Structures are given as C-alpha cells and as structure tokens.
Amino acid sequence: MSMNRRTVAIMILAACMLHVWAIRQWSTSPLGTAPSFRVRPPIVNAEDRRPFFAEELITPPRQTGVAHAGSLCELPDGKLAAVWYAGSKEAAPDVAVYLSVRSAGNEQGWSEPRVVADPVSTSKELGRLVRKVGNPVIFCDSDERLWLIYVTMPFGGWSGSSLNLKTSLDSGTTWSESKRLTLSPFFNVSELVRNNPIPLENGGFAVPIYHECMTVFPEMLRIYTDPSGRDMMSWQKTKMAATRGLIQPTIVAWSRHSATVFYRSTSERKAIALATTKDAGATWSEPAYLDLPNPNSALNALLLPEGRILMAFNDSTSSRENLRLAVSNDQGAHWTRIATLEDTPNREFSYPYMIRDRSGRAHVVYTWQRQCIKHVTFNDAWIEAQLQSSTRSPG
Amino acid sequence: MTEHPFAYLFPFLAAMALIQEIFKLIMKRSAGHPKQPEHPKHPEKLGFTSLAVIGSAMLAAFTAALLIRLPVNGIPLAGWLLGLSTNFSIPLTMLLFSRVWRSTTGAPLLDRRALRATWIFGLITGLVLYPQALGLTFGNTGGLDPYAQGYGSAWLSLLLLALTISLLCIKNHFGAVLVVTMLAYDLRLLESPNLWDYLVDPILTLISMVALVTEAISSLRRRYTPRPTPASPTS
Numbered sequence: 001m002s003m004n005r006r007t008v009a010i011m012i013l014a015a016c017m018l019h020v021w022a023i024r025q026w027s028t029s030p031l032g033t034a035p036s037f038r039v040r041p042p043i044v045n046a047e048d049r050r051p052f053f054a055e056e057l058i059t060p061p062r063q064t065g066v067a068h069a070g071s072l073c074e075l076p077d078g079k080l081a082a083v084w085y086a087g088s089k090e091a092a093p094d095v096a097v098y099l100s101v102r103s104a105g106n107e108q109g110w111s112e113p114r115v116v117a118d119p120v121s122t123s124k125e126l127g128r129l130v131r132k133v134g135n136p137v138i139f140c141d142s143d144e145r146l147w148l149i150y151v152t153m154p155f156g157g158w159s160g161s162s163l164n165l166k167t168s169l170d171s172g173t174t175w176s177e178s179k180r181l182t183l184s185p186f187f188n189v190s191e192l193v194r195n196n197p198i199p200l201e202n203g204g205f206a207v208p209i210y211h212e213c214m215t216v217f218p219e220m221l222r223i224y225t226d227p228s229g230r231d232m233m234s235w236q237k238t239k240m241a242a243t244r245g246l247i248q249p250t251i252v253a254w255s256r257h258s259a260t261v262f263y264r265s266t267s268e269r270k271a272i273a274l275a276t277t278k279d280a281g282a283t284w285s286e287p288a289y290l291d292l293p294n295p296n297s298a299l300n301a302l303l304l305p306e307g308r309i310l311m312a313f314n315d316s317t318s319s320r321e322n323l324r325l326a327v328s329n330d331q332g333a334h335w336t337r338i339a340t341l342e343d344t345p346n347r348e349f350s351y352p353y354m355i356r357d358r359s360g361r362a363h364v365v366y367t368w369q370r371q372c373i374k375h376v377t378f379n380d381a382w383i384e385a386q387l388q389s390s391t392r393s394p395g
Numbered sequence: 001m002t003e004h005p006f007a008y009l010f011p012f013l014a015a016m017a018l019i020q021e022i023f024k025l026i027m028k029r030s031a032g033h034p035k036q037p038e039h040p041k042h043p044e045k046l047g048f049t050s051l052a053v054i055g056s057a058m059l060a061a062f063t064a065a066l067l068i069r070l071p072v073n074g075i076p077l078a079g080w081l082l083g084l085s086t087n088f089s090i091p092l093t094m095l096l097f098s099r100v101w102r103s104t105t106g107a108p109l110l111d112r113r114a115l116r117a118t119w120i121f122g123l124i125t126g127l128v129l130y131p132q133a134l135g136l137t138f139g140n141t142g143g144l145d146p147y148a149q150g151y152g153s154a155w156l157s158l159l160l161l162a163l164t165i166s167l168l169c170i171k172n173h174f175g176a177v178l179v180v181t182m183l184a185y186d187l188r189l190l191e192s193p194n195l196w197d198y199l200v201d202p203i204l205t206l207i208s209m210v211a212l213v214t215e216a217i218s219s220l221r222r223r224y225t226p227r228p229t230p231a232s233p234t235s
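Chains B and D supply the protein sequences, listed in that same order. Residue numbering for the first sequence follows our numbering, beginning at 1 and increasing consecutively. Residue numbering for the second sequence follows our numbering, beginning at 1 and increasing consecutively.
Worth flagging that the hints you see were computed from the coordinates, not collected in a lab. Note that the coordinates shown come from a computational prediction; the quantities given were computed from them, not determined experimentally. There may be inaccurate statements among the hints.
Coverage of chain D stretches by chain B, computed from C-beta distances (three or more under 8 Å per stretch; other residues unrestricted) [stated by the list, open to error]:
(1) 73–80
(2) 90–102
(3) 156–168
(4) 176–188
(5) 196–209
Note that CB positions come from ideal geometry on N, CA and C, so glycine has one too.
Make a model of the complete structure from these sequences and hints.
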C-alpha cells in the first residue's frame, strides 16, 4: 500500500486533529483539573452525651469456611449496609461477596446476607473468565448512588487481582452489571482495595488501593462519573509511595488539599507508617514509621471532631489476636490507646473498617475469628470517657 | 458481555488467522493441489481461483465469528482470552490484521520497515512501562510514573504526535498505525482510559523482543557466514 504525498498530508492532519481532540477531552474532564477533597466537619451530636457502646455479630459464626474483609457505609435512609466476602476458604472459587443491611431500630438487626457478586455472575457480566472474588468496599455518593468496588481474579491468587465496580440506585436491592477498571498496563494486575474512599469536590472519589504482584506498593485511584450523566466512568491512578512493602492505605482528609495516610507494613519493619499530602493526593511525602506496631495486617483510621484521629489496629508485631483503638490529637504523630475491642489468644480479629454516621456515632466492622463479621458502635462520649480513663491510667 | 465490543476484534482476528493457517495446511496436503491458490493481483480480472481465495477468507471469518462465541463452561471462547486482557493494543491488533490481510490478499499490509518500527516501538515502550508498573524500578527513579501520564498528558501527546509525523514523513506505515491508535483512543474503543494501553501491551513487547532478536541473529549469520568462493575457470 503506497503512501503518496497527499495521503501523508491527510494523515498528518488527522493525527494533529486527533491529538488536539484527546487533549481537549482530558482537559475538560474532571481528570484535567487539580483534585481537591470534599471535607465536611465530623457531625457532633450535642444531645448524645452519655457514653454509648454496643456490639453484635452480623451473622452467626460460620462452622466451616471463612468470612473476611468487611466494609460498611450508611445508606441514604440512615440504615447501615455491610459487605464482606465468604466461602470455603480465602480466594476459593466458591467465595462470594455478601451484603447485609441493618435498620436504625435495635429490634430488627441485620438482614439475611445475600450474594451481590460471585465468580459466575461476574464472568457473565464481564463476558470473560473470573475464577475468584475478594475484598469489597462499599460507599455512597451525594446522589444517593451506592458504589461497590471489589476484587476479582481470573487465575492464581491475589497477584492476579483486578478491580471491578457495581453501582446501585436503590440502596443495594438491585445492582448494575460489573464494570472492569483497567488500572495496570501489565495484564491489568494486580490491584486490590481495602479502605474508605474520600469524596472529591467535583463528584468523584479518591479510593486508596494497592498493588500486589512481584512487589507491593500503595496507590490512589481517582474515579468519576461522566458529568454528562451517561453513567460512564473515568478514572486515574497514581502511586503513593516509592517505598515498597506498604499497602492498604487508609486516608484521613483534613482540608481540601491536605490529608494524612497510614499504611500497613509487609516489610520487616513491623510498624504502621504515615505520610502526608498537601495537594489532595497528587504527591505524598516519604513514609515515616510510627510507634504503633503492625503485624502485617489491615488498619483503619477515622476523623473525629476537633481534629482527632481514631485508629483501629492489631496492637502487635506478630499476631492478630487483639484489636485496639487509639486516638491521636496531633494528626497521627502520637497516639493514646483507649480501648481493647478484642484480645483472645490463638484467635484472629482483623481488618477493621470504620465510618461515622449522621448522628455522630462511629461504627466498626471487623473479621471475627474468620467466622463472621462483627459490628461495634460507640459515640464520642464513650471515646472521651475511654480517653480520660487511659490518660489517668497510662500503660 | 463487555461494554466495549471492540475488545472482541482481537479474539476474532486471532481465530481467523488460526483458521486461515489450518486452511493453508489442508490445501497443501490435498492431493493435486501442492501450490497455494493465486491471490487476486488484478481484482478487475477475478478468476475462479481468486474467488476461491476470497471465499475461503469469508468462510474463515464466518467460522471465526462462530468460534469465539462458542461457550466453554458457560463462557464464550473469546471470554477466556479476554480474561487474560481486554486491552490488546492497537499496534498488536494491526499486526494480527496484517497477517490476516496477507493470508487473504497475498499482499502485506505492513511492509518490513513498518514491522521493524512496530517492534522497536513495542520493545522500548514496554521496557519503559512494565518494570515501573510492577514496582521493579520506580523506587530508583524518584517515583516517576509514566503510566500515570497516559491518563492525560500534554507532553506525552506531543511526543507521540512528533513520532507519528516523523514516521509519516519518511513514509513508514507504522505512522498510519499510530494515527489509527489515536483514533481508537479518542473513541475509547478499549476498556482502558489510559493511552498507554492503546499503544502497547505485554504480548506486543514480547513479540517485539523475539522478532528483533531473531532479526539480529539472522543478520549476524548473514554477515559472518562465509560466502562460497566462485569456481575457477578450467583451462
């Protein structure tokens, strides 16, 4: 096929126009503007003054198999929705993502869990092979749309993971078909999700994710719906730390541009690491290790009133036998342990996930002995009482 | 079913290329037809043999279209390949299309210069991208993340435009491949919103590496293989 001068000229013109089009698409999309966090001060319920603490298992403990990696969000009507994965064992083909809803009243408790995503349905929706599903994260946007991001694997273990997205417009009763998120150029592996997203000013979310293939490192995903309302998604992913060995970032946003992130450590340094950003996650500082131990297990941080941070973590360098809460008054530099949620030898309590509801109460879900997901809730008065008690009796 | 039906083009072309190769083998082994049928050099004078070639290509296309939809364990056959990747790059797809085109028409779509440019591009971009993406090198490069630039970067776009124009000016057909790639990207034909996924994929990088090494070895052999000395004239 020959290329004469006219053909070359036409192609050069076409190339220029296509590149201008591409730059224009990008510059007019949410990705073309500098990001900023949408931060609302934590709700303070002045009437909720008496310390309150309650705990319950979302489902009866499984006699066989595992339940793990819970996530939680508040629905538009004030109910709570929890998701987790369960099956015969971690990363088994029969593992599915389950959803349960809790009404505001104490009587009804949690609904019977139902499957939201499994390998068969996801394969069918994506039109390709999916062998396993894993870690789900659920959250609600300002348009009352429910988002579910979850992990799938076509082959192998976590090293072959990709992320997928489902949305619901009716609080989880029905869901859209799964949509694959392409986040890596190398066969789209291996990306996983664990902790709470941070809402962004122009309608999207900054979702902390991480890479786990050959090496491990934390990343941030910015994801938006199409402003035209066609329900198409656009996204962008950036690395958070050049230091390897840190995963499962959990972010606390202070203002539109500043935030602190805490990392799980998979390296020989068994401690939680911290980093900060001043440009809404475009760049992050070099991680620094804290005086809080980490046995290579997930942790979660929650912003409290008056600039405090609440951390749920395994307070050990070697086991997940305990789960503790700690509070920081100086953006994570120093911590005071305030409560022990669990502490039983030879048992596992892990993967905490926290939110704050519209009444100002904190909710924590976590893996309870790999048999089910446990839900704990408490108010600011309880936190304050625990803090004062811990301060009076240090050690 | 994926939202991007264009993703099925690569499995379709792969199936068609495979079927065409099988047809060639069958025809070679058939008694009385040791040679390949002639391809239509003059389309305005299509003979029976030329029609047979076109007919076999259409049969291959039809068979490929059926084959990729064949369910295996509830998933279309194409879905098994798409489970590996739904973002086969445009240059890789064009390489496959070029092969199918050549099997159908006898004429190459991409000449040797274009192929070599494709391989060099595939190798260099792969070496820049994949170690970084897997975290094998970024710690040593100050956190530089070229893949992140693919979501929207003026400098990446200008660099690619400069390369495209340079190739077109020297009439290298890989320049046309890059134009097609940009068109596919602007139309978001693949699942990925990242330009890099349209430009390169690991299979293209692997093929490029093998092709360039093979070519280098062949070149060395030709250079160092002693030439037979011409026979001396007898007196």
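For each hint, the structure was consulted:
1. With 6 residues having a Cβ less than 8 Å from any Cβ of chain B, the region 73–80 of chain D passes the three-residue criterion, so the hint holds.
2. Evaluation of the coverage hint for the region 90–102 of chain D: breached, as 0 residues show C-beta separations to chain B shorter than 8 Å, against a requirement of three.
3. Residues of the region 156–168 of chain D with a Cβ under 8 Å from some Cβ of chain B number 7, which satisfies the need for three, so the listed coverage holds.
4. Residues of the region 176–188 of chain D lying with their CB closer than 8 Å to a CB of chain B number 7, which satisfies the three-residue condition for coverage.
5. Given a C-beta distance limit of less than 8 Å, the hint that chain B covers the region 196–209 of chain D holds, as 5 residues qualify and 3 suffice.
Hint 2 from the list above is the single one not met by this structure.
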